[in-house]
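Asks: Please construct the entire structure, taking both the sequences and the accompanying hints into account.
Spelled out from the first residue to the last, the chains are:
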Amino acid sequence: MMREEAHRFGRARHLVGIAGIPQGPSGETGVIVLNAGLVHRIGPFRLHVELTRQLNAAGYPTLRFDLSTLGDSAASGGQQTRTQAVCGDVDDAMKLLAERAGCERFILVGLCSGAQNAHVVAATDPRVSGAVFLDGYAYRTLGYKLRHYLPRLVDPARWVRRLMHRADGQPATPKVEAQPIFAVAPAPREEVIADFTGMVNRGMKLYLVYSGGISNYFNHARQFRECFGKVMNHPAVTTRYAAETDHTYILTGDRARLLDGIGGWLSQNFPPAVAGRHP
Amino acid sequence: MRLDADIPFFFGPDAGLFGMYHAPAVPARRAILMCPPLGQDLIRCHRLYRQLAQALAEEGMAVLRFDYHGTGDSAGDSAEVDWERCISDATAAAAELRRRAGVDRIVAFGARLGGSVALSAARQARFSEVIAWDPVLDGDQYVARLDTMQAALREDTSRFLRPRNHSDVAEQWLGFDIGGTLRRQLAALRVGPADVPTLVLDSTPASTGSPWERIVSHRGKVATIAPPTAWEDLDRLESAILSHPLIQAVTGRLKEVA
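Chain order of the listed sequences is W and D. Note that the working numbering has the first sequence beginning at 1, numbered continuously upward. Note that the working numbering has the second sequence beginning at 1, numbered continuously upward.
FYI, nobody ran anything at the bench for these hints, they're computed from the structure. Please note that a few of the clues may not be correct.
As the list claims (entries may be wrong) - Here are some chain D residues the structure puts well away from chain W; computed CB gaps all over 10 Å: (1) Asp41; (2) Asp104; (3) Gln141.
As the list claims (entries may be wrong) - Heads up, incomplete: computed chain D residues facing chain W, CB under 10 Å, no partners named: (4) Ala15; (5) Phe18; (6) Gln40; (7) Thr71; (8) Gly72; (9) Leu161; (10) Leu237; (11) Glu238.
C-beta: ideal position from N, C-alpha, C; glycine also.
Replies: Below is the structure:
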């Protein structure tokens, strides 16, 4: 049993979110889900609704909410950078979940820009004890380029097409400019590695799930290690590469597998009965 | 604009319906119920619905946005969406809006299937007028188009590394589980005229014939909005639908009859 509550909250009462409160003792670890891109708090194809309700059923208090200026939330009105606003908004969200469910520790979940925002907060806020990064930071490594280009170099059909184009005198297909990975500049790789290292050193647990939908910069399970080095082998870090799925989990079977994965990771690392007592 | 003028809450049967009430700064002169579309259209239109609601509230109107059972933040799974329930939820939302605004006359607005709900619920919910933006009138054609798009999605290599199995995409429309009941209900849907003044806002690409004739011939009219809206373009499935002309058309119409 659980109940959902609609809240307007925050330092300027500018935020809107839905808290899911399971029946039972308070003091558990709460799960906060951040916006994916510009989609409002229900998430792509209602992913965040399905995720929070499944976690509520497993005993975790949750909050899905809109960051400043997204969804139903307004700007806070202060002179802040976007990073400061995100940190302030998540601080407001943690205070709300502490008030409503007694949570003292928090897990942040984010997809794409949501992962980036979760990363920013997780790197600096000691109340965050775990994070789920879905299609978060990544870099085109040498391994990525070999896996991407080598099959093309040895594909005879591709060479035949290329030569025929040349014989026809037709111009080669115009080169498409690589799309930026994030709408804002990605953080330097060394900085992200240092952040991950700091997170696990202070006892955080991390779950990174990357999809086949970001194949323009990530294409193999080995790339976690290629991107971020030995910290990916730390026992506090779990990674999964879901090649078959797309970036926003449009198919309900893919979504169900993602939710089961997150639920399993949570129950293993933050069992509801003892959640809230992690370092 | 007051930051806390928009009030989120749950209401209706078992307090399972999510609503967002936009209270005007002055006592409301009239009230507007915004019926959302279904499926991915609901997500694509969220920003526009909020912009329109705030624009209307600034004109002194009380506005309620809400989600049907099984959609948005309301209770229920996506597979539980039921057409008859959508109509009864719209009726419950109208009652909630009357209670909050202290106004009896309600104009209903809806985009796509939200417009179809508004037209279908007009008598039961006692709407005084309906404004429908590209409403779906013939459900069988709509179902066929959704099935076609879902089949194309399976092979969309800009989304998936390789085509998916048929079973992976079965019993879904563009991101959402669909129950057999909703499929049957929509396939049988044929929206008739509401017995109240009706304004159809048409932004469909190059309409052929007079698709709106049967719902506006009695007490309605059609206004065209440009540019056309890409409701059924798979490549833009996750792009927000924004339309300043739509906001102008709706606010203009409501100020005109105030």
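Asks: It remains to establish, for every hint, whether it holds in the given structure.
Replies: Results of checking the hints against the structure:
With a closest Cβ-Cβ approach of about 12 Å to chain W, Asp41(D) is found to remain outside the 10 Å limit, as its non-interface label requires. Even its closest Cβ contact with chain W, about 26 Å, leaves Asp104(D) beyond 10 Å, as expected for a residue assigned away from the interface. Here Gln141(D) stays apart from chain W, with its beta-carbon at least about 23 Å from theirs, past the 10 Å limit. Annotation: Ala15(D) was flagged as interfacial toward chain W, and the flag holds, the nearest CB pair being 9 Å apart, inside 10 Å.
Residue-level restraint check for Phe18(D) holds (minimum Cβ-Cβ distance to chain W is 6 Å; threshold 10 Å). Because the beta carbon of Gln40(D) sits about 7 Å from the nearest beta carbon in chain W, less than 10 Å, this interface hint is met. Hint status for Thr71(D): holds, given a least beta-carbon distance of 8 Å to chain W, under 10 Å. At a threshold of 10 Å, the smallest CB-CB gap from Gly72(D) to chain W is about 6 Å, leaving the interface hint in force.
At a threshold of 10 Å, the smallest CB-CB gap from Leu161(D) to chain W is about 4 Å, leaving the interface hint in force. The interface hint given for Leu237(D) is met, as the beta carbon of that residue sits about 8 Å from the closest beta carbon of chain W, less than 10 Å. Of the supplied interface hints, the one on Glu238(D) holds, with its beta-carbon coming within about 7 Å of a beta-carbon of chain W, less than 10 Å.
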